[in-house]
Amino acid sequence: MAVKNLLEAVRETLHDALARDERVFIMGEDVGPRGNVFLITKDFIEEFGHDRVLDTPLAEASIVGVAVGAAMAGMRPIAEIQFADFIYPAYNQIVGEAAKMRYRTAGGNTCPLVIRTPYGGGVGGALSHSVSIEALFYHVPGLKILAPSTPADAKGLLNTAINDDDPVLFLEHKKTYRLIKGEVPPGDYQIPMGKADIARPGSDLTVITYGLMRHFAVQAADELFKDGIDVEVVDLRSIRPMDRETIVKSATKTRRVLIVHEDNKFGGVGAEVSAIIAEEALFELDAPIRRLCGPDVPAMGYSKAYEEAFMPSPARIATAMRDLAAY
Amino acid sequence: MPQLGETVTEGTVGRWLKKPGDQVAKYEPLLEVETDKVASEIPSPFGGTLTSISVEEGQTVPVGAVVCEIAESGVAAPSKTATPAASAEAPSRAPVQTAAPLGFSGATSRTGDGNGVRYSPAVRKLAREHQIDLSGVSGTGRGGRVTANDVSAALKGLPSAPAVARSSPGAPTSAATPVPRQAHAPVEAHAGDEDTVIRLSQMRKTIAERMLQAVSTIPHAWCMMEADVTELSRWRDREKAAFKAREGVNLTYLPIVVQAVCRAIKENPIVNSAWGGDHIIQRKHINVGIAIDVEEGLIVPVVRDADRLSLAGLAQSIAELVEKARRRRLTMAELADGTITVDNTGALGNIASVPIINPPQAAIITMEAVVKRPWVVNDAIAIRSIMNLCLCLDHRVLDGAVASRFLTAVKKGLENYANA
Amino acid sequence: MKSEPSVRETLPEGLTPDRLREMYYCMILTRTCDDRGFALNRQGKIPFAATCQGHEAIQVAAAFALRKGTDWLVPYYRDTCMALSFGVTPREQLMCLFARKDDIFSSGRQFPNHYSVPDRNIASISSIIAAHVTHAVGMALAHKMRKEDSVVLTSFGEGSTSEGEWHEAMNFAGIHKLPVVFLCENNEFAISVPQKMQMAVKNVADRASAYGMPGVICDGTDPIASYTTVREAVERARAGGGPTLVEAKCYRAMSHTSDDNQLQYRTADEIEASKKRDPVPRFEAWLTDRGYIDAAGILDMKARAQHEVDEATDWAEHQPMPSEEDLYTHVYAEGPLS
Chain A
25 MAVKNLLEAV RETLHDALAR DERVFIMGED VGPRGNVFLI TKDFIEEFGH DRVLDTPLAE
85 ASIVGVAVGA AMAGMRPIAE IQFADFIYPA YNQIVGEAAK MRYRTAGGNT CPLVIRTPYG
145 GGVGGALSHS VSIEALFYHV PGLKILAPST PADAKGLLNT AINDDDPVLF LEHKKTYRLI
205 KGEVPPGDYQ IPMGKADIAR PGSDLTVITY GLMRHFAVQA ADELFKDGID VEVVDLRSIR
265 PMDRETIVKS ATKTRRVLIV HEDNKFGGVG AEVSAIIAEE ALFELDAPIR RLCGPDVPAM
325 GYSKAYEEAF MPSPARIATA MRDLAAY
Chain B
-2 MPQLGETVTE GTVGRWLKKP GDQVAKYEPL LEVETDKVAS EIPSPFGGTL TSISVEEGQT
58 VPVGAVVCEI AESGVAAPSK TATPAASAEA PSRAPVQTAA PLGFSGATSR TGDGNGVRYS
118 PAVRKLAREH QIDLSGVSGT GRGGRVTAND VSAALKGLPS APAVARSSPG APTSAATPVP
178 RQAHAPVEAH AGDEDTVIRL SQMRKTIAER MLQAVSTIPH AWCMMEADVT ELSRWRDREK
238 AAFKAREGVN LTYLPIVVQA VCRAIKENPI VNSAWGGDHI IQRKHINVGI AIDVEEGLIV
298 PVVRDADRLS LAGLAQSIAE LVEKARRRRL TMAELADGTI TVDNTGALGN IASVPIINPP
358 QAAIITMEAV VKRPWVVNDA IAIRSIMNLC LCLDHRVLDG AVASRFLTAV KKGLENYANA
Chain C
33 MKSEPSVRET LPEGLTPDRL REMYYCMILT RTCDDRGFAL NRQGKIPFAA TCQGHEAIQV
93 AAAFALRKGT DWLVPYYRDT CMALSFGVTP REQLMCLFAR KDDIFSSGRQ FPNHYSVPDR
153 NIASISSIIA AHVTHAVGMA LAHKMRKEDS VVLTSFGEGS TSEGEWHEAM NFAGIHKLPV
213 VFLCENNEFA ISVPQKMQMA VKNVADRASA YGMPGVICDG TDPIASYTTV REAVERARAG
273 GGPTLVEAKC YRAMSHTSDD NQLQYRTADE IEASKKRDPV PRFEAWLTDR GYIDAAGILD
333 MKARAQHEVD EATDWAEHQP MPSEEDLYTH VYAEGPLS
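Residue numbers (my numbering), protein chains in the order written: chain A, 25 to 351; chain B, -2 to 417; chain C, 33 to 370.
Note that these hints are calculated values from the structure, not bench results. Source: prediction; values computed, not measured. Be aware that a few hints might be false.
Below are the BS3-like pairs computed for lysine-lysine, each with C-alpha atoms no more than 27 Å apart in a straight line [to be verified]:
1) A:K205 - A:K66
2) C:K228 - C:K308
3) C:K209 - C:K100
4) C:K133 - C:K176
5) A:K289 - A:K277
6) A:K277 - B:K153
7) B:K263 - A:K273
8) A:K205 - A:K28
9) B:K281 - B:K263
10) B:K122 - B:K241
11) C:K228 - A:K66
12) C:K100 - C:K176
13) B:K281 - B:K122
14) B:K122 - A:K273
15) B:K122 - A:K277
Short, incomplete list of chain C residues facing chain A, as computed with Cβ under 7 Å [said to hold, decoys possible]:
16) S148
17) S156
18) H167
19) V169
20) L173
21) E197
22) A201
23) T320
24) L359
25) H362
By construction, the Cβ of each residue, glycine as well, lies at the ideal position given by its N, Cα and C atoms.
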């Protein structure tokens, strides 16, 4: 099986989707001749033409708004927002329009739209190239939010997103683009939304996470295993819909839960996971639910000191795991 | 010891880079210090001669403690010290955990309140499902907390060790065996370098004195019986939810046993007595002392006229006393005038205990853990729930026959409880 | 009142006497519906009503300038006449006013006049001003990619042209020469804010050149002039000539909606004066003068419109309301809500 990094997996998936379905097209800034600022759509324009790999003006609201219109008219646009930090002008179109399109027309109009964007830190991106945005969107009924962390998951989930008849926000952690490599099965397989992945099965405590933190958590878990602590790592990979069943099952099995996400702690995805566990597995818990998250500051600063202080590291995760195991 | 980091409160000396007698320049690296974040070389704040080191490599001291002395060159005073030294005694860190190692000697309070930490939902659920009295399960979690694993372990491998903390080991037979004690000159141990010295609380001092008095002045005898509480257990299972809903307190075995003890006393009033020197005082009121573990030790508040209370009344009174004990709100009146003591050693997991009598009482009864055993019933093997009952008696006041009659009455009272 | 014919006697391309009469009927049907909406609101039967009084000419003209079944409409919430002229029925209009479960636009979920009938080529809109304009552009993009013949017409008030997204939409359409017509129905007020507080330019059409397209002005109270202007823009788009910004000057006779009281910001005299521009009696006079219709015909049409609206009202009022279960449908194609 081919080993690819996450970027290559996304590229391959987009390429095959364009080839397979003439309704699919990509629009965003610099996606054409430049091939995207990470080279994800490199050479696509040569193969598919400028209609299907469309450079847009520097205007995020209309990148999504025009894509919404095209989706309403039966196309399957894949809109790209160059960095998640730039998505805010498009919030009106994503939340006010795309998310509600099916509901407000009682199914008359649909919006089969994918919005792809790179998020997350660890690349020296500073205040406006490092944020996590899932908490701003996963709250919204009508949207679907995906955050794969492995190349194989990226391909499978992106295929599902492209084929889904509802608007999907597809989040790609930019640090994982090149850092994370893995086997990617061939073909146009789809991974269903709303299904978490057990990245590492275990019995002593559960870590629930997603994105880059999945890899850090597995690394920390492997360390702890040497000391006889067996950690189960659950990678949500689908934020909305969320895999309640796996969350509750794992919490019930190990009775101790640590939630790890890079995004700010207050009001982050971990809060919802905690609520789910409290609602459905309270009497299985042997310890309070813990969250190890990014601090509640607006973003990680440019200086490496800020970035390192902000992002949970394998060492910090290991410490939190040990602490919970000893509770 | 410098503060290396905002949240750091202590530091460990890693390596001394200079030894006493060495010259050291200002800012020259003097020692290495480790905190949980970082290991750092500390530059000397003064130039001069290192005269003495007061913290050895590997020792941990609080921030601000003196680590060494330097005779500053060009200064008359022989040494300059940092901020006031920490205690020159062996470093004590609060709080010293006396938490039990794996096993069943508990620093945990019976009432589930070891070190102020509550039982987790999982622990409560397991306890409910398997009818375990949590006060008998000791904890291996942080601060002595009972974890779900501890409860699971309690289910599987029940305690085989007889009572550990409560008394000196006697022969665990079911015959009344006098265990005479003699007063000797007290033997005191000395602490080694690696040992931890724990200061005595007032309560601990008091307990120590009373225990010594009890064993040295009262001739203890001991006997044990087995009660088949299967029917009682089933009755309790059926009743406990409604009881809880009605009365607001849990229906544990303790009030049931207290009730049986009271009835047995009615039939054998001599048990409710005290040694008066040259006479025996048979008490009128039945004031049952309930032994309760608190963080610092043991306390025995009294349910007055326990024979006049209904089961619900007993359960409520006991719950109130436990609560007050936990919150350190017991009054002297509540601790006085006990005539007999009931000790729920079963909550610790014991199946046999040799308790120490509470002077000036003449008897103390323990109720042990309810254990399912293969049992002979009508010449066939059945699985029955068995609770052992142990009795220590003041052999000046009581002897074997009356003790056994009394204990038999308690046993029968429990065995027939559901039919009463 | 005699109207001044503002175009030549030969009818513009695509208009016949029958079509003229149809246009007139649409206008009076709309007026009747609008009046009914306000009446129901004042009776306490519906919470909310908005009229297009003053806009009827440009709206009926735009609808008739489009090719039904091929072209698409992405209107705004004041386009009642445009919708009724483009295939929406009085029953459907009343159903949305009454917010009944079987309301065809949104099953009672949206405010009134938020039209959406995909199989009659009317796209969905929300209450967010100008959010639909980029959608119109996106639809035109799709049509162009698929090399289809259809033109998209999107309409909005002059207030919409302040929104950033409106400018982004214009820009995008201009760059790619998309087959879309931007129709601004300028009634001079965005709720209470007058045009001079809304923009620095005198005409909305003045903005067009910034986005690489022609900007034209017409009298939005004259159905013939409006028709000619819009049709030209539509056919330019169809032929690949790119987008046009049409500004139809009209007026708003009533308050913004039933929740507004325009006497707070307009004088009674000014409102009365603007009503003299009422397009319905003016078109009636124009048609009568040229012999396209007579008095009996007018009475007959008015009676017919009244009957249609009465029937629609009675019917719609008795349709079922949505149930609690209906709350949860159509969030996603399938799957759990979260």
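Status of the hints after comparison with the structure:
1. A:K205 - A:K66: Roughly 19 Å between the alpha carbons, so the hint for A:K205 and A:K66 holds.
2. C:K228 - C:K308: Given pair C:K228, C:K308 holds - Cα atoms ~22 Å apart, limit 27 Å.
3. C:K209 - C:K100: The hint holds at about 22 Å.
4. C:K133 - C:K176: violated (36 Å)
5. A:K289 - A:K277: holds (25 Å)
6. A:K277 - B:K153: holds (18 Å)
7. B:K263 - A:K273: Distance ~55 Å between B:K263 and A:K273 Cα, so the pair is violated.
8. A:K205 - A:K28: holds (5 Å)
9. B:K281 - B:K263: holds (10 Å)
10. B:K122 - B:K241: holds (16 Å)
11. C:K228 - A:K66: Violated, because 48 Å separates the two Cα atoms, which is more than 27 Å.
12. C:K100 - C:K176: Roughly 18 Å separates the two Cα atoms, so the pair holds.
13. B:K281 - B:K122: Violated, because 42 Å separates the two Cα atoms, which is more than 27 Å.
14. B:K122 - A:K273: holds (17 Å)
15. B:K122 - A:K277: OK: B:K122 and A:K277 at ~14 Å, within 27 Å.
16. S148: Since the shortest Cβ distance to chain A is 5 Å, the answer is holds.
17. S156: holds (5 Å)
18. H167: holds (4 Å)
19. V169: holds (5 Å)
20. L173: holds (5 Å)
21. E197: holds (5 Å)
22. A201: Holds: closest Cβ of chain A sits about 6 Å from C:A201, inside 7 Å.
23. T320: violated (40 Å)
24. L359: Check failed: Cβ of C:L359 comes no nearer than 10 Å to chain A, outside 7 Å.
25. H362: Holds. Min distance 4 Å.
In terms of the numbered hints stated before, the structure departs from hints 4, 7, 11, 13, 23, 24, listed from lowest to highest.
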